[in-house]
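Asker: Sequence:
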Amino acid sequence: MGLFTKILRNLSGQISAYDDFWYGPAQTTKAGVKVDEKEALKYLTVLACVTLIAGDIAKLPLNLYKKRKSGGKDLITDHHLYDILHNRPNQDTTSFNFRETLQGHLLLWGNSYAFIDREDIGGKIKNLWQLPDPGQIKIHRNKKNELLYTYKVNGEDKVRTRREVFHIPGFGFNGLVGKSMVGLAREAIGLGLATEDFGSTYFGEGTHPSGIYKI
Numbered sequence: 039m040g041l042f043t044k045i046l047r048n049l050s051g052q053i054s055a056y057d058d059f060w061y062g063p064a065q066t067t068k069a070g071v072k073v074d075e076k077e078a079l080k081y082l083t084v085l086a087c088v089t090l091i092a093g094d095i096a097k098l099p100l101n102l103y104k105k106r107k108s109g110g111k112d113l114i115t116d117h118h119l120y121d122i123l124h125n126r127p128n129q130d131t132t133s134f135n136f137r138e139t140l141q142g143h144l145l146l147w148g149n150s151y152a153f154i155d156r157e158d159i160g161g162k163i164k165n166l167w168q169l170p171d172p173g174q175i176k177i178h179r180n181k182k183n184e185l186l187y188t189y190k191v192n193g194e195d196k197v198r199t200r201r202e203v204f205h206i207p208g209f210g211f212n213g214l215v216g217k218s219m220v221g222l223a224r225e226a227i228g229l230g231l232a233t234e235d236f237g238s239t240y241f242g243e244g245t246h247p248s249g250i251y252k253i
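For the sequence shown, the working numbering begins at 39 and goes up steadily by one.
The set of hints was computed from the structure by calculation and includes no laboratory data.
Keep in mind that the hints are not guaranteed to be accurate.
Unchecked claim - Using 20 Å as the maximum straight-line C-alpha spacing, the simulated SDA-like pairs for lysine to any residue come out as follows:
| # | residue 1 | residue 2 |
| --- | --- | --- |
| 1 | K217 | H205 |
| 2 | K164 | D116 |
| 3 | K196 | I154 |
| 4 | K181 | R201 |
| 5 | K196 | I175 |
What the hints assert, rightly or not - Pairwise CB distance ranges, derived in the manner of DEER restraints:
| # | residue 1 | residue 2 | range |
| --- | --- | --- | --- |
| 6 | H124 | K181 | 34 to 44 Å |
| 7 | N128 | G242 | 38 to 48 Å |
| 8 | A226 | T188 | 23 to 33 Å |
| 9 | K76 | I253 | 43 to 53 Å |
| 10 | I253 | I91 | 23 to 33 Å |
| 11 | K72 | I114 | 29 to 39 Å |
| 12 | L90 | H117 | 29 to 39 Å |
| 13 | G242 | K162 | 50 to 60 Å |
| 14 | V191 | K104 | 35 to 45 Å |
| 15 | K182 | T66 | 37 to 47 Å |
| 16 | N135 | F209 | 18 to 28 Å |
| 17 | G110 | D195 | 45 to 55 Å |
| 18 | K76 | I114 | 33 to 43 Å |
All C-beta atoms in this analysis are idealised placements derived from N, C-alpha and C, irrespective of residue type, glycine included.
Build the full structure now, drawing on both the sequences and the hints.
Answerer: Spelled out as structure tokens, the structure:
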């Protein structure tokens with residue numbers, strides 16, 4: 039079936055852009071292209087938007103301030119969180135890389151997560167570690183109605199409490215979990231990828247006629 043036939047065909051019982059259908063593994067679009075958050079980055083428009091926005095957000099200063107009782111605020115540089123947020127959230131990552139990654143996750147998956155590493159005694163925050171695959175993190179409640187975050191590490195489930203996870207949700211409908219922007223725009227991204235592939239194949243195979251018919 040040709041590219042444009044797939045694009046123009048009319049399907050009954052279309053799946054809404056807001057259904058849970060969009061938030062699992064890569065789904066095949068009407069253009070015949072499988073699209074998930076990682077695959078979407080192969081589309082130049084998505085790549086340019088994500089890298090531009092994430093990079094610009096990461097460039098912004100991230101400081102700590104203390105409110106004055108009389109109004110206004112003061113910059114705080116001697117608090118332990120200042121170094122974590124402003125300079126280095128953990129021993130392996132700079133503040134810029136950390137925030138760029140979290141913002142990229144937020145733009146693609148609609149959520150970004152980091153594990154809050156605390157000291158055993160006192161609970162003082164000592165590190166923030168970004169969790170690598172937001173699409174694999176499940177949020178649910180226990181019998182006490184407390185939020186829990188479950189994700190896999192080396193094939194084993196890790197369950198974290200809300201106190202252990204720094205979660206930034208994007209646009210969503212329940213205030214707790216953001217929706218995948220790639221999922222919501224999957225068909226448009228699939229069309230873009232299919233069009234790029236069609237153009238590359240067309241020019242790669244040559245655009246000059248191999249012969250001329252004369253009538």
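Asker: Going through the earlier hints one by one, which of them does the structure break, listed in rising order?
Answerer: Violated: hints 10 and 11.
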